[in-house]
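Heads up: the protein sequence lines correspond to chains A and B, in order. Numbering-wise, the first sequence is residues 61 to 317 according to my numbering. Numbering-wise, the second sequence is residues 61 to 317 according to my numbering.
Derived from the structure by calculation, the hints contain no laboratory data. Given the structure is predicted, the values throughout are model-derived calculations rather than measurements. Hints should not be assumed to be uniformly reliable.
Said to hold, decoys possible - Sample of chain A residues facing chain B (criterion: CB under 8 Å; computed from the structure):
| id | residue |
| --- | --- |
| 1 | A190 |
| 2 | T194 |
| 3 | L198 |
| 4 | M222 |
| 5 | L254 |
| 6 | A258 |
| 7 | R260 |
| 8 | G262 |
| 9 | A265 |
| 10 | G298 |
| 11 | A299 |
| 12 | A306 |
| 13 | I310 |
| 14 | W313 |
Quick reminder that beta carbons are idealized off the backbone N, C-alpha and C, glycines included.
There are 2 protein chains.
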Amino acid sequence: MKITSRKNQLVVQSRGLLREKRLRDEEGLFAVEGVKLCLEALSAGITPKWALVSETAAEKFVEAVREIEQSCAVTVVSDDLYDYLSEQKTPQGIFLAGQILDKSVNLDRILSSGKILLLDCVQDSGNLGAMLRTAEALGIGGVILGDGCADVWSPKTLRASMGSAFRLPACAVDMAGAVKTVKEKGFAVYAAMLDDTAQRLGSFAFPEKSAVVIGNEGHGVSAEVAGLCQKVYIPIQGAESLNAAAAAAILCWEMSK
Amino acid sequence: MKITSRKNQLVVQSRGLLREKRLRDEEGLFAVEGVKLCLEALSAGITPKWALVSETAAEKFVEAVREIEQSCAVTVVSDDLYDYLSEQKTPQGIFLAGQILDKSVNLDRILSSGKILLLDCVQDSGNLGAMLRTAEALGIGGVILGDGCADVWSPKTLRASMGSAFRLPACAVDMAGAVKTVKEKGFAVYAAMLDDTAQRLGSFAFPEKSAVVIGNEGHGVSAEVAGLCQKVYIPIQGAESLNAAAAAAILCWEMSK
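With the rest of the complex left out, here is chain A (with noise of 0.2 Å):
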């Protein structure tokens, strides 16, 4: 049976997910849209809460809906439903709730590894879910978000991500106090910003145990932070600045080697 109310509670609550963080924490669900996601979340081992599909992709992604089946109950929605739910412009038609992962465990393991990357009031969405797929890809351990970064669960976050939210260790915190406890355990800890101090990067290697962190996108990284931290730039010419994911990308790279 196919579902065509904008009063179904399923694509209420569905619809809300999409959009408000609200609804997210106090619900402890994500949401996200898309055949390769919702397969990527699968396989990352997230627990799924159910699927929507609209008649259109039921028809045309049979296998993925086999496999989501497996795991959670799919319903069936209208074209014209989906659309109505759906923050895309041409959504593919599949969507995915499930349950976020209490990423504040994660702590311990991210100190584990040799590499952080920490994120100071990142606020673009696009911008983070970049973050956490190059931090992934180049073999860093783990992502420290501060009070006041972007959502890592949005579906905006999931989606630049690629799945890599579902994959690396990462946990919210308050940003002093995480430095404070990455330098304890015997990292070096650079705050990517340009002073008299900051070292060039390039100019020097990077300690085995080290961490970098990304400032706010408009303000860099906070006064308080930066006190805590060692200095390190990227030399730039022409442009003004870099883009923060096109700077972490780089400082991912040069900690990595």
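Let chain A serve as the given structure and place chain B on it in line with the hints.
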């Protein structure tokens, strides 16, 4: 006098330039929104054609408007009309149309530099803009775009480039032909891709005259182009691949060192 009608010719034309490549190509004009980007265009020496500002913006951005008025006519439109015109959710209320630079004249300038970035069917405007910004910041001498790349003059590319698109020498040509030309000028040309003959990035030093080819987000570098190039790969783990803009950032960084 302020314009309030959606049928006003300037409004119709401005709205079209923001949305349609065909119109931009026909008229040889581009369009941008936002105080910063409009001023970047002027200071890069672009020839402005006209500007539109919302009533609110005219009061709020007095200095910027005065600066724009020195080089072209500024017309005030109602806030509602600006919202209709704009591509953005919460527009600042400043629009500028300017003359598209004939980037084809740039090939000689690009070839006289030491480092070149070549883009083979990079289709996402956000990626393209980010790559231009990164390339300029890292001192790459120019960017060669193959047929099939996103439009350099789309508002999204210009925005993501943070103005670098106005300043960085770039040209759009047939990619295979460009690779041959670049090689004839003594550049070592590397396609970013994984194959048996690819060298690991970091395991060799780029020659003084080097160029890197970044391929399409989904399909990578085309076979024809790859056949003309040496190969380089960025060692990754976990994630399936790097975002094209992140890969470009790392490759430009290594080339620029």
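ask   = In ascending order, which of the hints set out earlier in this document are inconsistent with the structure?
value = 5, 6, 7 and 9
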